[in-house]
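J.: Sequence:
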Amino acid sequence: MKNAVIYVHGKGGNTGEANRYKQFFDDSFEIVGFDYKSLNPWDAKIEFINYLRNNNNNKYFKKWVC
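FYI, in numbering that gives the first Met the number 0 the residues of the sequence shown are 0 to 65.
Hints were generated in silico from the structure; no laboratory data involved. The C-beta atom is built at its ideal place from N, Cα and C for all residues, glycine as well. Hints may contain errors.
With a cut-off of at most 25 Å between alpha-carbon atoms, the simulated SDA-like pairs for lysine to any residue come out as follows [as the list claims (entries may be wrong)]:
hint	residue 1	residue 2
1	Lys-10	Trp-41
2	Lys-36	Arg-19
3	Lys-36	Asp-26
4	Lys-44	Glu-16
5	Lys-10	Asp-26
6	Lys-10	Leu-38
7	Lys-1	Glu-46
8	Lys-1	Leu-38
9	Lys-44	Val-7
10	Lys-10	Ala-43
11	Lys-21	Leu-51
12	Lys-1	Gly-11
13	Lys-21	Ala-3
14	Lys-21	Val-7
15	Lys-10	Ser-27
16	Lys-1	Asp-26
17	Lys-36	Thr-14
18	Lys-10	Lys-36
19	Lys-36	Leu-51
20	Lys-36	Lys-1
21	Lys-1	Gln-22
22	Lys-44	Thr-14
23	Lys-44	Ile-5
24	Lys-44	Ala-17
25	Lys-1	Ile-48
26	Lys-21	Trp-41
27	Lys-36	Asp-25
28	Lys-36	Phe-47
29	Lys-1	Ser-27
30	Lys-1	Asn-49
31	Lys-44	Tyr-6
Computed beta-carbon distance windows for the label pairs [stated by the list, open to error]:
hint	residue 1	residue 2	range
32	Leu-38	Lys-1	32 to 42 Å
33	Ile-5	Leu-38	31 to 41 Å
34	Asn-18	Pro-40	31 to 41 Å
35	Trp-41	Asn-13	29 to 39 Å
36	Asn-18	Glu-46	32 to 42 Å
37	Gly-9	Ile-45	12 to 22 Å
38	Asn-13	Asn-49	26 to 36 Å
39	Gly-15	Leu-38	25 to 35 Å
40	Glu-46	Val-4	32 to 42 Å
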């Protein structure tokens, strides 16, 4: 996997919504959806950073996270 699309759902959404976007990308893209505990995406920034930094399945993202 060389490319990734990171989907952050809105209020009341879920990670499964990311699958809707697979139709727009070829197999060289991994579509990643986040389920977060914060009340809104901008407050969940630390959750996203920790996920990308620590999730072994997403080792390709580590270089993009400060």
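J.: Now, for every hint given, state plainly whether the structure supports it.
T.: Do the hints match the structure? See the list:
no.	hint	result
1	Lys-10 with Trp-41	12 Å, holds
2	Lys-36 with Arg-19	22 Å, holds
3	Lys-36 with Asp-26	30 Å, violated
4	Lys-44 with Glu-16	19 Å, holds
5	Lys-10 with Asp-26	28 Å, violated
6	Lys-10 with Leu-38	8 Å, holds
7	Lys-1 with Glu-46	23 Å, holds
8	Lys-1 with Leu-38	31 Å, violated
9	Lys-44 with Val-7	10 Å, holds
10	Lys-10 with Ala-43	12 Å, holds
11	Lys-21 with Leu-51	20 Å, holds
12	Lys-1 with Gly-11	30 Å, violated
13	Lys-21 with Ala-3	11 Å, holds
14	Lys-21 with Val-7	14 Å, holds
15	Lys-10 with Ser-27	29 Å, violated
16	Lys-1 with Asp-26	10 Å, holds
17	Lys-36 with Thr-14	12 Å, holds
18	Lys-10 with Lys-36	11 Å, holds
19	Lys-36 with Leu-51	16 Å, holds
20	Lys-36 with Lys-1	28 Å, violated
21	Lys-1 with Gln-22	17 Å, holds
22	Lys-44 with Thr-14	16 Å, holds
23	Lys-44 with Ile-5	13 Å, holds
24	Lys-44 with Ala-17	18 Å, holds
25	Lys-1 with Ile-48	19 Å, holds
26	Lys-21 with Trp-41	24 Å, holds
27	Lys-36 with Asp-25	30 Å, violated
28	Lys-36 with Phe-47	11 Å, holds
29	Lys-1 with Ser-27	6 Å, holds
30	Lys-1 with Asn-49	20 Å, holds
31	Lys-44 with Tyr-6	13 Å, holds
32	Leu-38 with Lys-1: 32 to 42 Å	34 Å, holds
33	Ile-5 with Leu-38: 31 to 41 Å	19 Å, violated
34	Asn-18 with Pro-40: 31 to 41 Å	18 Å, violated
35	Trp-41 with Asn-13: 29 to 39 Å	18 Å, violated
36	Asn-18 with Glu-46: 32 to 42 Å	21 Å, violated
37	Gly-9 with Ile-45: 12 to 22 Å	19 Å, holds
38	Asn-13 with Asn-49: 26 to 36 Å	19 Å, violated
39	Gly-15 with Leu-38: 25 to 35 Å	20 Å, violated
40	Glu-46 with Val-4: 32 to 42 Å	18 Å, violated
Checked against the numbered hints given earlier, the structure breaks hints 3, 5, 8, 12, 15, 20, 27, 33, 34, 35, 36, 38, 39 and 40 and satisfies all the rest.
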